[in-house]
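Protein chains: 4
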Amino acid sequence: MAGNTFGKLFKLTTFGESHGVAIGGIIDGCPSGLKLNLEAIQYELNRRKPGQSEIVTQRKEPDTVEFLSGIFEGVTTGTPIGFTIKNTNQKSNDYSHIKDVYRPSHADYTYEKKYGVRDYRGGGRSSARETASRVVAGAIAKQMLENIEIHAYTSSVGEIFLEKPYQDLDFSQVESNIVRCPDSETADKMIARIKEIKKQGDTIGGTITCVIKNVPVGLGEPVFDKLHADLGKAMLSINAVKGFEYGSGFCGAKMKGSEHNDLFNADGSTKTNLSGGIQGGISNGMDIYFRVAFKPVATIIQKQDALDSSGNIVEMQGKGRHDPCVVPRAIPIVEAMAALVIADFWLLNNINN
Amino acid sequence: MAGNTFGKLFKLTTFGESHGVAIGGIIDGCPSGLKLNLEAIQYELNRRKPGQSEIVTQRKEPDTVEFLSGIFEGVTTGTPIGFTIKNTNQKSNDYSHIKDVYRPSHADYTYEKKYGVRDYRGGGRSSARETASRVVAGAIAKQMLENIEIHAYTSSVGEIFLEKPYQDLDFSQVESNIVRCPDSETADKMIARIKEIKKQGDTIGGTITCVIKNVPVGLGEPVFDKLHADLGKAMLSINAVKGFEYGSGFCGAKMKGSEHNDLFNADGSTKTNLSGGIQGGISNGMDIYFRVAFKPVATIIQKQDALDSSGNIVEMQGKGRHDPCVVPRAIPIVEAMAALVIADFWLLNNINN
Amino acid sequence: MAGNTFGKLFKLTTFGESHGVAIGGIIDGCPSGLKLNLEAIQYELNRRKPGQSEIVTQRKEPDTVEFLSGIFEGVTTGTPIGFTIKNTNQKSNDYSHIKDVYRPSHADYTYEKKYGVRDYRGGGRSSARETASRVVAGAIAKQMLENIEIHAYTSSVGEIFLEKPYQDLDFSQVESNIVRCPDSETADKMIARIKEIKKQGDTIGGTITCVIKNVPVGLGEPVFDKLHADLGKAMLSINAVKGFEYGSGFCGAKMKGSEHNDLFNADGSTKTNLSGGIQGGISNGMDIYFRVAFKPVATIIQKQDALDSSGNIVEMQGKGRHDPCVVPRAIPIVEAMAALVIADFWLLNNINN
Amino acid sequence: MAGNTFGKLFKLTTFGESHGVAIGGIIDGCPSGLKLNLEAIQYELNRRKPGQSEIVTQRKEPDTVEFLSGIFEGVTTGTPIGFTIKNTNQKSNDYSHIKDVYRPSHADYTYEKKYGVRDYRGGGRSSARETASRVVAGAIAKQMLENIEIHAYTSSVGEIFLEKPYQDLDFSQVESNIVRCPDSETADKMIARIKEIKKQGDTIGGTITCVIKNVPVGLGEPVFDKLHADLGKAMLSINAVKGFEYGSGFCGAKMKGSEHNDLFNADGSTKTNLSGGIQGGISNGMDIYFRVAFKPVATIIQKQDALDSSGNIVEMQGKGRHDPCVVPRAIPIVEAMAALVIADFWLLNNINN
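Protein chains in written order, with the working numbering: chain A, 416 to 768; chain B, 416 to 768; chain C, 416 to 768; chain D, 416 to 768.
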């Protein structure tokens, strides 16, 4: 109820603050007998970790996951998988200046008002550091869903958009550049833009597109737990996300039915896929694709007014080492959350079969 | 797990197919001692019901709710509120032509593949008729949340957009026209557009904007059950919805942090509200606003190819009486789902206080 | 959360007060494709209904179930099954004398204090009438679990015990007498005892034993949702239940390990079965058996002191038509709850297979 | 769903095997602002830990809890409390002899059949070692419920019963002897009996009685989540438990209504309390009391037949260091589970107030 669990059958519960002893989680419901590739899990964490390139925060955290249970001789046992990631780089002094200050467009104010107390160091629980635990769980879900492919990539940074449809992209190129845009020309522009923004001490938003291939027909549960509704919730639960659309999305709202309908082929596939691989909340076997909007990071290295706990407007300037654009590091998080949603419905779909 | 329950504390479970005996639901968790205004509940149902104007389906259903339990001498008792809405206008013969046919961009195919059997009459469970039960529950939630205002309105039909920000609108005008757009000039254009589309036997998409005022600080549960994540899921669970954005939404993804941050006033309110009333997944006391995209209705009164259960492509034409644009009737559904989300978090927030 | 839902995958939510319009429920999660035998469902309801014999309440209720959804052409569709049972015999005047009185050992006082308001007619929601909805759902669960046998029977009434172990009983004899004890000699004594008690205007307690055969190995989820823990909760949720034990039960607490251990046969079965068919919370393929204790009905047709809402001790005498012993009518309820628990774990066990 | 979470609002999820790296858990839903007494938590763990006296297992584990999150400057923050307890004494070699053997009346066989794989060391997940995590969470729940007293004590060992009713006991004497029976004379007999059993290489069962005082009126949720139903489930989820009864329990099933009814005093309290402090599943303000039956530990230091994974009956003898009677160490576990149940309903009850 307190919101730290995701999923119904493949269930992740996370804990941990940005500057506490450790973050981590429990995965409950991972089937037994799954031979885990631990390197593949760490690889996903490395894609998310700070300090990996010049366009992300320069904070250093090794982000090494330690598994405490649920795995025996390399294989899942069906019991809960507990894991931790130590917080090694806890420069808490960086944050003493915000102890009594609510930074604009951060969660300082709302946490304080809701809980009456908060761990102000690095945003505490509201920090995106928590998402590292999601990446661990998502990486395991991916391994369970061996035949399903999940590809996320940067589709815009500020006003720079990757105009090509996903069908024209080579997903193997996503990791070929530090902004994780599979089109090298657009990637270069995005990188240049982020560097420029960083130099200004400013930040910028962007969007991520995610494509899921080889999803079997039948995943998703009408009426409230439609597949896209749970994907939407999953994405909106990621820090800084402001919007979600799938298939034709907001563009579809401008169209006519005669343009928008996806006509069938004889094998049940469809000629077009404005539906985004989902009908009535249930996967139809076509590619699922969706787009996620991220706002610019709120911490900027410029002077700004803030509010202190005594009700005074005070001037402050962001310190610490922050991302000028969250999108490159959010790619593995989007994939992880997509994997968790698909894993959940995939298990649920086994029940009736 | 099978997806027919919404909410954690103020919990709605619905049942019913478009052409079965009845639809209905159970509301579990409504506090005791609430004096219900039954007329206000029926009023919301009337806003959703078919046949209410010339731009919606001409099907006739009285959509009268009958309460079976949980209310004693007009007051809620804290026990579950069971209710039904009879299906009186079950022109099932209208649907015999689709018994073995999967209509394009409908849920016929996915239901058949998932369940192996389906009630094909009027879309069965996948019909938006189910949302009438949500409207009943939402109307009760609204009464529980007496001081919170929820205003949804039509913000676009096809390419016709209401350009004014919500702050410039008079919400009392929403019901002054049949398209439920509070700006009469834009409303006229929208109505004309829908009539034109209807004449073509076609359909058109649109968007709904929803504004929630007077939400106390502190609603929402980090990290997975962020207030906007649950709002997003709620909206995406409504039939035909393709996208959700709140606050700055997809536009925010183009902005810089220095432009996007909402600076504080001394009282904790903010000068701007690109955040959309939510920080870190928790309400901050400012207006919550979001936008929902609806695709065009899939049933068109034009000849289209469809697939039959033997794998043949067959020509079909929509019969029955369908909406040329779902948006006007979806307004009370959006409000109802918003009320359910807020009610849930509002109860949850009582726990710690 | 408000306690009106049972089960995780095969989920029953019930509503309804003793003297409201109707009681009923929603079964969510019943797999599609199950051809329902409606007569078998009504048969179970008839076993529970009042007025069926001279040793139960003489109240008359036809208790006819009406299904509203989830079944199409006699087959479950995988969508929620909504159903109602009308309250036809609502002699509410029988209860005006308790409007402001809290009867001893009834739930009048606790409901009033918890909710501030209560439907006092016939106990309202606290009446065992609610269990009719459980019987409907349990009857469907039984049909899903076609190869699993669930046999409950009266094993004691007051001080009269059926001394034979269940292995020596012929379960086909349970329905051969009105007290539902499969040993005719003991049954006669029990019936005589109940008649005697009834003549005194008094009531008496009893126990029910339940045996479940052919449960596959592997049902139950450690560590909190052990199979016997959920069976125990299911039984304890039935009105008037005061205790639950399975396998060796309370007797096992007096034994030594060397006496209590069940040694294996080569095929994995065990020579003895003090474990009651469950090890570590998981079924082991042996018979599951347990015993449930029911207190005497609180309503007696004798003068008793009660408390009124003004804090006065007042004399009252039970009116209405009540059961001198609940056990005979509780047999189908115990079976229904057992079926719901097994159905739930049976579905859950499909996930990993 | 996989059974490793307990509670709805005050939610504990545990992980960990007997001989893995660590056990631990996440408490989600503990209110913010609670100043924790960490010594009191460790004290409860010490009451449960092995090696504490001559009548329990001589295994040595310090069982030191480390908190990783959710506490800031000694106060709970409302965010999840993650914690671990390291497994320091992992004499795994003790268990190589059971790698391919299913011990009688242990969970080896059912885990192997359910999951296809198992961590055989010390019973893996099925070991009662997991309950240490429950004790941590229960100790925190106790601190939240500051005015509520929870007292468990040993009420029988084998055939030796403490005959006095709980009202005649001095709970401050529970910790005055190693068997945790508050009557010194009976305690001496119990201790002697356990020593004798231990000398035989055998084990023995027993019962624990638990009394909860000062519970406010109104806790518990009808109809399925009755307070005693959740207490029952909580107790039955503890390793080795075979039965649960509350109030009059199985004895109540022998009684007449005229004997069993608890008559009111003018203040709403009752003259007798056969109801055990609960009416209709809701606490009535009187003492709650219940009794829990524990079977004898299955591991005995005697030769026994067992089954190997090839289907052969093999002779085996328990090694390792085991408890001759679990009851003394189970006292804090019973209290912890009771605290978790009460905490959950206590929070839930705040919602409507």
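If you're looking for bench data, these hints aren't it; they were derived computationally from the structure.
Remember, predicted model here, so these are calculated numbers, not experimental data.
Be careful, since some hints might not be right.
As a list, the in silico DSSO-like pairs of lysine-lysine whose alpha-carbon atoms are at most 27 Å apart [stated by the list, open to error]:
{"id": "1", "chain 1": "A", "residue 1": "LYS671", "chain 2": "B", "residue 2": "LYS514"}
{"id": "2", "chain 1": "B", "residue 1": "LYS450", "chain 2": "A", "residue 2": "LYS671"}
{"id": "3", "chain 1": "A", "residue 1": "LYS579", "chain 2": "A", "residue 2": "LYS514"}
{"id": "4", "chain 1": "A", "residue 1": "LYS450", "chain 2": "D", "residue 2": "LYS613"}
{"id": "5", "chain 1": "A", "residue 1": "LYS671", "chain 2": "B", "residue 2": "LYS501"}
{"id": "6", "chain 1": "A", "residue 1": "LYS528", "chain 2": "A", "residue 2": "LYS514"}
{"id": "7", "chain 1": "A", "residue 1": "LYS734", "chain 2": "A", "residue 2": "LYS610"}
{"id": "8", "chain 1": "C", "residue 1": "LYS686", "chain 2": "D", "residue 2": "LYS501"}
{"id": "9", "chain 1": "D", "residue 1": "LYS718", "chain 2": "A", "residue 2": "LYS528"}
Does LYS501(D) lie within 27 Å of LYS686(C) when you go C-alpha to C-alpha? Judged against 27 Å, a Cα distance of about 39 Å means the pair is violated.
Tell me if the straight-line CA distance from LYS734(A) to LYS610(A) falls inside 27 Å. Answer holds: LYS734(A) to LYS610(A) is near 18 Å, not above 27 Å.
If you draw a straight line from the CA of LYS671(A) to the CA of LYS514(B), is it 27 Å or shorter? holds (25 Å)
Does the alpha-carbon distance linking LYS528(A) and LYS514(A) stay inside the 27 Å limit? holds (14 Å)
Quickly compare the C-alpha distance for LYS579(A) and LYS514(A) to 27 Å and report which way the hint goes. With a Cα-Cα distance of about 46 Å, the restraint between LYS579(A) and LYS514(A) is violated, given a limit of 27 Å.
Straight-line Cα separation of LYS450(A) and LYS613(D) no greater than 27 Å? violated (42 Å)
CA of LYS718(D) to CA of LYS528(A), is that 27 Å or under? Distance ~63 Å between LYS718(D) and LYS528(A) Cα, so the pair is violated.
Is the straight-line distance between the alpha-carbon of LYS450(B) and that of LYS671(A) 27 Å or less? Since the Cα atoms of LYS450(B) and LYS671(A) sit roughly 44 Å apart, the hinted pair is violated (cutoff 27 Å).
For a C-alpha distance cap of 27 Å, please report whether LYS671(A) and LYS501(B) respect it. Given that 27 Å is the threshold and the Cα spacing comes to 32 Å, the pair is violated.
Of the hints listed earlier, those the structure fails to meet are numbers 2, 3, 4, 5, 8 and 9, in rising order.
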